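*Asks:* What follows is the residue order along each chain.
2 protein chains.
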Amino acid sequence: MNQKLAQLKTILAEISDIKGAADLLSWDQQTYMPPGGAEARGNQLGTLQRLAHERQTSSELGNLLTELKPFAATLDPDSDDARLVKVVARDYEKATRVPSEWVVEFAQVTTLAQQAWMEARAKSDFPMFSPHLEKIVELGHRYISFFPKADHPYDILLDNFEPGMKTADVKAIFDALRPKQVELIKAIAQKPQVDDSFLHQAFDEKKQWDFGVDIITKFGYDWNCGRQDKAAHPFTTGFSNHDVRITTRVAPNFLNSMIFSTMHECGHALYGLGSPDALERITLDGGASLAVHESQSRMWENLVGRSLPFWEHFYPRLQETFPSQLGNVPLEKFYQGINKVQPSLIRVEADEATYNLHIMLRLEIEIALMESKLAIKDLPEVWNTKMQEYLGVVPPDDARGVLQDIHWFSGYMGYFSTYALGNLVSAQLWEVINRAIPDLPEQIRQGKFDALLGWLREKIHRHGRKFEPQELVQKVTGSKIDAAPYLRYLNQKFGQIYGL
Amino acid sequence: MNQKLAQLKTILAEISDIKGAADLLSWDQQTYMPPGGAEARGNQLGTLQRLAHERQTSSELGNLLTELKPFAATLDPDSDDARLVKVVARDYEKATRVPSEWVVEFAQVTTLAQQAWMEARAKSDFPMFSPHLEKIVELGHRYISFFPKADHPYDILLDNFEPGMKTADVKAIFDALRPKQVELIKAIAQKPQVDDSFLHQAFDEKKQWDFGVDIITKFGYDWNCGRQDKAAHPFTTGFSNHDVRITTRVAPNFLNSMIFSTMHECGHALYGLGSPDALERITLDGGASLAVHESQSRMWENLVGRSLPFWEHFYPRLQETFPSQLGNVPLEKFYQGINKVQPSLIRVEADEATYNLHIMLRLEIEIALMESKLAIKDLPEVWNTKMQEYLGVVPPDDARGVLQDIHWFSGYMGYFSTYALGNLVSAQLWEVINRAIPDLPEQIRQGKFDALLGWLREKIHRHGRKFEPQELVQKVTGSKIDAAPYLRYLNQKFGQIYGL
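Taken in order, these protein sequences are the chains called P and U. Read in order, the letters of the first sequence are residues 1004 to 1503 in our numbering. Read in order, the letters of the second sequence are residues 1004 to 1503 in our numbering.
No wet-lab data here; the hints were simulated from the structure. As the structure is a computational prediction, the values presented were derived from the model and not from experiment. A portion of the hints provided could be inaccurate.
Copies of the same chain look alike in the list, so a pair counts if it works inside one copy or between any two.
To be verified - Lysine-lysine pairs mimicking DSS-like chemistry, simulated, CA-CA at most 25 Å apart: (1) K1152 - K1089; (2) K1097 - K1138; (3) K1221 - K1233.
Go ahead and model the full structure; you've got the sequences and the hints to work with.
*Replies:* As structure tokens, this is what we get:
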């Protein structure tokens, strides 16, 4: 069986290498590629993705898995090899259900749709885009039809991002969350608003960049195994556990953009860098799911990076860096400013208290689309109605409404809830971490993050993709994904800031 | 047969895509990859190269070629399709001789070796690097063993860079060249030396960079289809005829380094960008050979970029850019300074009169290594002895000696002579071009390069890889590669500068 296992790992190494190469091609496309390179890049990516897919669905792989399953059943179920067979069998089972014609059509439709989206968003013209979305939704329905009937059709899509999670689970979590978040926002709205005007000034871009670099160096980001570049939409990507790169954007007139996106992407990168060598080149590297990944990025961005102890350490040097802009802004005021709660139109700019409501709105729309209970033409109206209901603001145009995110238009249906789930998991983990490291706030106040990073590596990062998200969260926190810690966190934090 | 041809092109498109992806991986390795990424990059490159090699050696490809050869024989022998079958058959014949295990090992060894080279060069520590070079030379011997016995074992390696050329041809050309170049250098040494001290001053790096960008923009480099980055050893690489990128280096205290390496790499890039769409994705893009490629880079760098008419146009704005350094240096003096002949240690910084001697030294060492007449440990000593013999200078350390070039450490054995051959071809072409465009010096004086670029595109670039180098040179100049025009050029130019 060891020989079979070695054969399996050889195939997986090849798949990993091809995917790593494809990921570099994508990284380059979003950072340095000149515009003329687009067509050839499309061909190269298409070829690599086809080569990977052929291997992921080969009968050789299928036969090896069939032979290895009884053997894996005799092993410690949490061992690397047992999990390897389990996870790869799950991937194989899913990949082989989807006909290659669908894969090709999906690639074609979404390539055109993304282009159309850019134009539609620029012109704020939803009808221009809706035929593309019709096709994407139809492809979603067909995708679902390849799988055995689930409790809910949306389960099939959700499973691609959160393996093992059900639509009903997410709905139950969000149902517990929604009224409490709405209540909190209403209470905040009754109180005097905090001032954040000092964040909206001219800040030298190079100085911003360097400050961000200082922060994540202290977090423990290893520049020997990573780098930071600029990108229109910040992202993190890795080509091994020794080369995980981040991107950021720097707004010349708004400090938050760089600071928090840098910390956010660094959180993702630390997860990738913490994946152990033993899980490399067997497709078990990376993270348990998008929600668990997001729990890491949001923890470093928010629970660390938007906390008072963090700024007790970093604010004096931020003031030194920008004396004319911040020299007269006291720490407490700065802390309030970066945590200002204000219902707004754009998800990626939303504060911690309102963010999840943007997600819930999107999830409800996705589910309705997959239940065929919502017509594409009615999307803008439904969007705007829900925005009014949840956040009390209505987009003046579709660019700032239903057209704002690229996800659907890239074919990502089932993705959005992972952002909110990640927020919840970050707070669950934070409670456990603070019990394990009782002086963590004091450490952060001193600019020390090694105990925190060590804990995350030991409890989360080192497992790579071995466990399903609910399994991992249960293992580490003692319960499944739960809204209560996040609500406690929000109420405590914003209760203090707004004097509730 | 059209169907067979289409099948052939489908296979070649896949090979092109895989190779284009591998080339991007290499570009990244030399520009942006963090050091930690090296091992995984070696795996990824190894896998891609193996996948390309499998396709390049597949019986499907072999059978198609067998079926297509009689058909190709009925076509115009210079037509794209006839040449396609011929060139691809030559590639196939060579590739099928090399086992995949060798290809994978080569990729892994050279990836690690390049990383080690950077460190070894930084520390000027040859012994640190020599185990890597042992492996590379051993891989060279094994490579040669896969082929039928040639007139000289080195022929096998040379053919990879100069298809159709023999070691004896190169030796004969170099034998004609060496005494004349040595004679010229001696004559120059009798004359008063020109002053170039003004080139060795502090020059703002950003201003240098921008000046280089201005020059190559005027040459016709299309930034929509390219970009420039920094690299320790400047190089050019393309992923299609719409994405050809250059790299350069900027020395803070020496102006020549950036100016001439930028023009040099641009010359390569213009060749790649001039490859027609019809030759894309069928492995006929790129250039006829490295010598022909080098004829392009050296032409823009030297025949254009080190000429008096060129600086009649650009020097006033260079003086404006660096008034304190060059304001009091007259054009004639500047022209002499950038053309100063002085035997020196570093090949890439060598002047036109001594450059080829650096190459001859390297060629002799390569040949001795392939004849097993030289041990790796003796390399630094042999290097230094030959430097003394040919150029009268001895490197004070290995960083400025045997470790200066990346080529061997990337596995390129058989490569160096192409640089000197390229010099010769550049002068051969230059004589023809100046007959075709009699007012070319006046055009250059006005900063106009479109007629020159147009000629090169028409006569050289548009043929991609269709012709062997000697064939192409013969076609364009009426003779094979020949030392005489280059010697005429050197004698005329340096006779004037040094008053011989």
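*Asks:* All hints, please: hold or fail.
*Replies:* Hint check results:
For a Cα distance limit of 25 Å, the shortest separation of K1152 from K1089 inside one copy, 22 Å, qualifies, whereas the shortest one across copies, 53 Å, does not. For the identical chains of this complex, K1097 and K1138 are intra-copy neighbours only, at 22 Å inside a copy versus 44 Å across copies, given an alpha-carbon limit of 25 Å. When the C-alpha separation of K1221 and K1233 is checked against a cutoff of 25 Å, the pair qualifies only within one copy, where the shortest distance is 20 Å, while the shortest distance between copies is 28 Å.
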